[in-house]
Amino acid sequence: VRFVRHLVASSLVIAFICAVAVFAGLGGQPGKPAIFCPHGCTPQSLGLTPGDPALRHLAAPASGHQPPGPDYANLAQTVVLGTAVAMLVVAVDVTARRRRRARRTRST
Amino acid sequence: VTATPDGTTSGGRWSVAPRRRLTPRARLDIGLDATLLAAYVLAYSFGFTGQEVHEWLSLALAAVLIVHLTLHWDWVLRTTQRLWRRGARRRLVWLVDLLLLVSMTLCVLSGVLVSQYALPALGVHLTAGSNWSHVHDLTAQLTLALVAAHVALSWQWVARVGRQLAARWSTVGRP
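Protein chains in written order, with the numbering used here: chain A, 1 to 108; chain B, 1 to 175.
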């Protein structure tokens, strides 16, 4: 019963965030096609400029064909980026903790 | 007695029994959290998964995310109620978690709205605004940074559970 209550509460919070985003018009004018397509699209085929930030996920090769297999470099890039941020946060946290401890030791 | 990510012993988001005993709840937490992390890393690596897998994986991730939030709802309520009575670190963790919730929700919402495979396969055809793909792109990058920060701020708990798991596995193989 408690789990269900918490499930309902967390779902309501998520629904509230979604509702605010939709009603705030975050998505822009409805009816326009979304700039998103599977592998193989080119900016030109979508009527966009090559540097459009919305095309980050396209990764279309010059030939316009689907890449032969999974892009391992993309996965490695995500792991490296995430790990770098995490290590930075840990470093800051550890430093702050040490400073706090040193201050406490000095005061006693 | 339970240990928390902050090193206190009065119950936290995750509970871990001291020494070498992992509670079933801690096992559930670490299993679910590791799955969520791996799923998010894969879902973010769009070039690795391709769009179809990306969409289905993200939908599954959204469902598990609700379970994750539900399991820690007690912590959310407790920390929110005592927000100004706790230390600055607790407030920072709370803020990072709140931003992560908003960012990930917007990321999933915008992903659903610009879905090309998953939703049409389920018989749902949406006409989304053109900005949703920009929102998806932006929130995905923000979420990656916040997920990393979220995990990093719990590094003590992760290290402790990791040590306990390692100890458990090393004793399982012994006669």
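What the hints contain is simulated information worked out from the structure, not anything from laboratory work.
What you are looking at is a predicted structure, and each value in this text was computed from that prediction instead of being measured.
Among these hints, one or two may not hold up.
Stated by the list, open to error - Quick list of simulated restraints, FRET-style, between CB atoms:
1) Arg-90(B) - Ala-84(A): 22 to 28 Å
2) Gln-44(A) - Gln-81(B): 53 to 59 Å
3) Gly-28(A) - Ser-170(B): 40 to 46 Å
As the list claims (entries may be wrong) - To give an idea of the interface, some chain B residues facing chain A are shown, with a C-beta separation under 10 Å as derived from the structure:
4) Leu-65
5) His-150
6) Val-151
We put the beta carbon where it would ideally sit given N, CA and C, even for glycine.
**Report entry** Pairwise beta carbon distance, Arg-90(B) to Ala-84(A), judged against the given window 22 to 28 Å
**Finding:** holds (25 Å)
Query - Hinted contact Val-151(B) with chain A - closest CB pair below 10 Å - result: Given a least distance of 6 Å, the restraint on Val-151(B) holds.
Report task. Using 10 Å as the Cβ threshold, decide whether His-150(B) counts as touching chain A. Result -> holds (9 Å)
Query - Agreement of hint Leu-65(B) with chain A interface, Cβ distance less than 10 Å - result: holds (8 Å)
Query raised in the report: Does the Cβ distance between Gly-28(A) and Ser-170(B) fall inside 40 to 46 Å?
Result: With a Cβ separation near 55 Å, Gly-28(A) and Ser-170(B) fall outside 40 to 46 Å, so the hint is violated.
Query raised in the report: Between Gln-44(A) and Gln-81(B), does the beta-carbon spacing fit 53 to 59 Å?
Result: Between Gln-44(A) and Gln-81(B), where Cβ atoms are some 55 Å apart, the hint holds.
Consistency note: the structure conflicts with earlier hint 3 alone.
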